[in-house]
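Colleague: Listed below are the residues making up each chain.
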Amino acid sequence: MSEVQLRGFGWRHAGRRAWAVRELDLHIRHGERVLLLGPSGAGKSTLLAALAGLLPEDSGESEGTIEIDGISPLKAFRSSGFPRRPEDQASAAAQFQVGIVFQDPQTQLVMARSGDDVAFGCENRGVPAGEIWPRVSDALDRVGFPYPITRSTSALSGGEAQRLALAGVLALRPGLLLLDEPTANLDPSGAELIREAVARATGPETTLIIVEHRVAEALTLVDRVVVLEPGGGVRADGAPEMIFAAYGDKLADEGVWVPGFSTPPVKATTKADPDLVRAEHVTVPGRLAPVSIAAGAGEVVAVTGPNGAGKSTLALLLGGLLAPASGRIEAFGDRQPPHRWRAATLTQRIGSVFQNPEHQFVTSRVADELALGPRRVGRSPDEVRRIVDDLLDRLRLTKLAAANPYTLSGGEARRLSVATALATAPRLLVLDEPTFGQDRRTWRELVDLLAGLRAEGHGIVAVTHDDAFVRTLADRVVPLGAAEPAPLPRRLLP
Amino acid sequence: MKNTDSNRWRTIDVVIASVIAVAFGVIFWAWNTVWSVTESAFAFFPPAQTLLYGVWLMPAVLGGLIIRKPGASIYTELVAAIISALLGNAWGATVIPQGLLQGLGAELAFAALRYRSFRLPAALLAGALTGLSAAIFDFFAWNSETALWSYRIPYALLTVVSGAVLAGLGSWALVRALAPTGVLDRFGAGRDRALI
Amino acid sequence: MTLVFEPVADPSAPLARRNPVAKLGAALLFSLPLVSTVDPLTPAIALLVELVLLPFFGVRYRVLARRAAPLLLAAVGVLVTMVLFAADRSGELLFSAGPFEVTTGVLATATGLILRIFAVALPGIIVFATTDPTDLADALVQNAKAPARFALGALAAFRLLPLLAQEWHALTLARRARGVDAGRNPVAKVRLFASTAFALLVGALRRGVRLSVAMDARGFDSGVPRTYARRQHFTGADTALLACAGVASAAILAVTVALGVFRPIVG
Ligand SMILES: Nc1ncnc2c1ncn2[C@@H]1O[C@H](COP(=O)(O)OP(=O)(O)OP(=O)(O)O)[C@@H](O)[C@H]1O
Ligand SMILES: Nc1ncnc2c1ncn2[C@@H]1O[C@H](COP(=O)(O)OP(=O)(O)OP(=O)(O)O)[C@@H](O)[C@H]1O
Ligand SMILES: [Mg+2]
Ligand SMILES: [Mg+2]
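For the protein sequence lines, the chains are A, B and C, in the order given. Here the first sequence stands for residues 1 to 494, numbered as in full-length UniProt numbering. Here the second sequence stands for residues 1 to 196, numbered as in full-length UniProt numbering. Here the third sequence stands for residues 1 to 267, numbered as in full-length UniProt numbering.
Just chain A, same shape as in the assembly:
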């Protein structure tokens, strides 16, 4: 039940010179379903936060107005202006039910048990106690949450956490539903399930705004597309078919994943050399069933599989960051397995990129983050500067060189974390979801960078849910099955 009206709206994060969004005029009618597009860093997440009333005055500077049903969302949530009479409260509460699911699901779970977490929002909004639990189980059913309500929220995989976060929002029956890349971490079947859940949960009474880079998948859910212009304002606005017919080429050029624009494959020109790394029947109980994999110089190996299959675990094993419970890993002809190497040796040979970019950052400036690796392997200051500047430029991070890595947008943080591994360019790269959250242009840049490394004889192992990436770049695909609690082989390999 919500109508959104933005007039000249702008927001600048504290500590930044550039405006994240600016001069935005937008009117979204009650019950409309909008897909919000725009290059990485265009301010999509910022806009959603503003609509949810989550940009408090002390975290930046705003201009223009933003209204949901005629009321500023920031004011709507503050207790000062809240109606005193119970009947007014009830109607106000119904009115302001904005539900938002953030880009990173783990940061939005509040309670220790899954059921309590879904109930949390209902309690806050004053839903009568007797009504809460039916709502909770209904919401959990709708998103296909597979565990009982007592399941600990800290024991969920990324995909499961995303489902729970969505359930927590659906239980509120929001009039305005805001979803920020709700399927970014999900395998294709999980993503389908979430889309179905959203479709089912949003009747004609719900206004929906969804941010998603992969347009084709989200199109079934929406009837209007709004493309944000990075500098400010709206680039294009209208029905999907209309937009893509009229601006398709231009938008694709500017980085939007316009459906129908395929990406030409970049296949290896040389044959793969002998193996850089070879893992035989490695397992980690409860996380990874036995698997064998090898990657040679000059090839890209893609590891695919459903959520929880153990892909990230395998990446840690290959990256020398985790010891296998059984099986063995050999790399670079060293007698020692990688997890026993000194860190300095390790970084010279293997570069790792984690699934969660923020787990990777160790400094407080983007440029320092990139310079750290080259400096450690003893490059001269000039060389370091050249490498850093080049990467910043190619990955469109130059303006953010002095920013704190933790204040980057989702896609920017991903690019930075991949770039840290590219900066040292070790012979073997192990990348966990290197392309998630990227617009078409930055995606292309990443793919080209990796293809360049491959041509120079580097080996690349990439864990990914990204079909386009596999089709474009992968020389080989290693699919992992669904996770089964791995029974330990009775006899270990020699």
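Simulated from the structure, these hints should not be mistaken for laboratory data. There may be inaccurate statements among the hints.
To be verified - Take a look, some chain B residues computed to stay more than 10 Å from chain C by CB distance:
1) Ser6
2) Pro70
3) Leu108
4) Tyr115
5) Ser117
6) Phe118
7) Leu132
8) Leu158
To be verified - From the structure, some residues in chain B lie toward chain A, with a derived Cβ separation under 8 Å:
9) Pro180
10) Thr181
11) Gly182
12) Asp185
13) Arg186
Where a beta carbon is used, it is the ideal one built from N, C-alpha and C, also for glycine.
Take the given structure of chain A and dock chains B and C with the ligands to it, following the hints.
Modeller: Showing chains B and C with the ligands alone in chain A's frame:
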């Protein structure tokens, strides 16, 4: 930008104070062991052990310095005490009233400065006062059977010193180190950095 | 030693089922008065009562022993302190260690203090071993009228604990992946530990900031009167538990006063 002069706690104030308390609850849990183990090591002059005491008083000062609102010291120290009791410690539930008292010490210091000054002198004063309140509690509750001049008095004085140095100076230095990381941007303690 | 986040007792035991506020109140009512005296008899009786009640809380003696293990270290500390610094050295001289005279009086006081530590600490240990943090927060809000914003804020922060353990692991991995390790150099190890610990604190605060945003996003501070999905009841049995705890400690103190062994800490 307006300064948050309102005394109402925002959600972020509550949560950050709690997170500090939780982090220190864990540190307490580890520190309790350090304390017990070093007890024999400091046997040549046990009162000197109170120099470690300041760590238990840090949440009170740190909470006050970051949140800058009435009740911050008491709340942070109290929650830290409850968490350390939840995780299991050697003093059981008595740490809860003790935490309340220790928080009160720092709170009085910040209140005396009318929640306006959060510079080094304020931090030292808060550290010393929370040390004093801790010293008074121990003076009666735990040390009553020891010799007055060779133990009780030096112990009490050293607790105050430890409070001022570890809790006061330590917290102040920690806030200074935290500010550039950007996590305190929404607090007075983390403002005024260069634009990017 | 590992951190235990969950209650370690049988939750269906008759006293473990009591309202968390009642349990906490009872623990404080029972143990705080014990602090007022340093004679050995008072804590001895109290300890006896506590150990007898233990099964009703569903805590097994083994579990309790593990949780109370740090107490032994504390006890040793008290003994050393008393040998060196006891104020009262009356009684028969047993032996002298250098300038320090160890008398029966010293040992009696030390015994009293050690027993007191155990007697005072056990109720708290038992109660917290049988209480789920979520239930405690709920009860504090619903039955003890604690402000909901503060209790739930603390609870939400408490949820970060297991995540912080994972984060510590991730930070260590990240440092290794980026070529930062200490090797065998102990100084470098300490520095690496300190920098990782600082990063953990920063990470915890950053999570806290986001958590508060997430809570606001779900209407945490909206001013609407909150409802409660999980009801905590404060029944007659809970009142009885509180009363019993108060009466028990009063009775113990009365006995020791009557027997003339009561030794107050003040005066
Ligand atoms: N907390 C913050 N502090 C400072 N700057 C920020 C903060 N959050 C985002 N920004 C900046 O604001 C700009 C817009 O960020 P936003 O997250 O809205 O982008 P986005 O369109 O969602 O991008 P993506 O598709 O990569 O997620 C970016 O340049 C980003 O670096
Ligand atoms: N640190 C950990 N301790 C225990 N179990 C873990 C840990 N990390 C992951 N798991 C579990 O191991 C399994 C495999 O996890 P992993 O992260 O490797 O999956 P994945 O294939 O990368 O999944 P996704 O596609 O969601 O990233 C999951 O069931 C997960 O719950
Ligand atoms: Mg975003
Ligand atoms: Mg993964």
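Colleague: Are all beta-carbon distances from Leu158 (chain B) to chain C longer than 10 Å?
Modeller: Given that every Cβ of chain C is farther than 10 Å from that of Leu158 (chain B), nearest at about 14 Å, it holds.
Colleague: Regarding the assertion that Ser6 (chain B) does not contact chain C, is the least Cβ-Cβ distance greater than 10 Å?
Modeller: Its Cβ never comes within 10 Å of chain C, the nearest being 13 Å, so this holds.
Colleague: Does Leu132 (chain B) clear chain C by more than 10 Å, comparing its Cβ with all Cβ atoms of that chain?
Modeller: About 18 Å separates Leu132 (chain B) from the closest Cβ of chain C, which puts it past 10 Å; holds.
Colleague: Any CB of chain A closer than 8 Å to the CB of Gly182 (chain B)?
Modeller: With a minimum Cβ separation of about 5 Å from chain A (threshold 8 Å), the hint on Gly182 (chain B) holds.
Colleague: Can you verify the interface hint for Asp185 (chain B): is its Cβ closer than 8 Å to any Cβ in chain A?
Modeller: Asp185 (chain B) check passes; min Cβ-Cβ to chain A is 6 Å, inside 8 Å.
Colleague: Taking C-beta pairs only, is Tyr115 (chain B) more than 10 Å away from all of chain C?
Modeller: The assertion about Tyr115 (chain B) holds, with a minimum of 18 Å to chain C.
Colleague: Please check whether Pro180 (chain B) passes as an interface residue: C-beta within 8 Å of a C-beta belonging to chain A.
Modeller: Where the cut-off is 8 Å and the nearest Cβ of chain A is about 6 Å from Pro180 (chain B), the hint holds.
Colleague: Classify the label on Phe118 (chain B) as holds or violated, using whether its beta-carbon is more than 10 Å from each beta-carbon of chain C.
Modeller: 17 Å, holds
Colleague: Any CB of chain A closer than 8 Å to the CB of Arg186 (chain B)?
Modeller: With a minimum Cβ separation of about 5 Å from chain A (threshold 8 Å), the hint on Arg186 (chain B) holds.
Colleague: Measuring from the C-beta of Thr181 (chain B) to each C-beta in chain A, is the shortest one below 8 Å?
Modeller: Given a least distance of 6 Å, the restraint on Thr181 (chain B) holds.
Colleague: Taking the shortest Cβ-to-Cβ distance between Ser117 (chain B) and chain C, state whether it exceeds 10 Å.
Modeller: Its Cβ never comes within 10 Å of chain C, the nearest being 23 Å, so this holds.
Colleague: Does the claim that Pro70 (chain B) lies off the interface hold, with its Cβ farther than 10 Å from every Cβ of chain C?
Modeller: 13 Å, holds
In summary, this structure violates none of the numbered hints.
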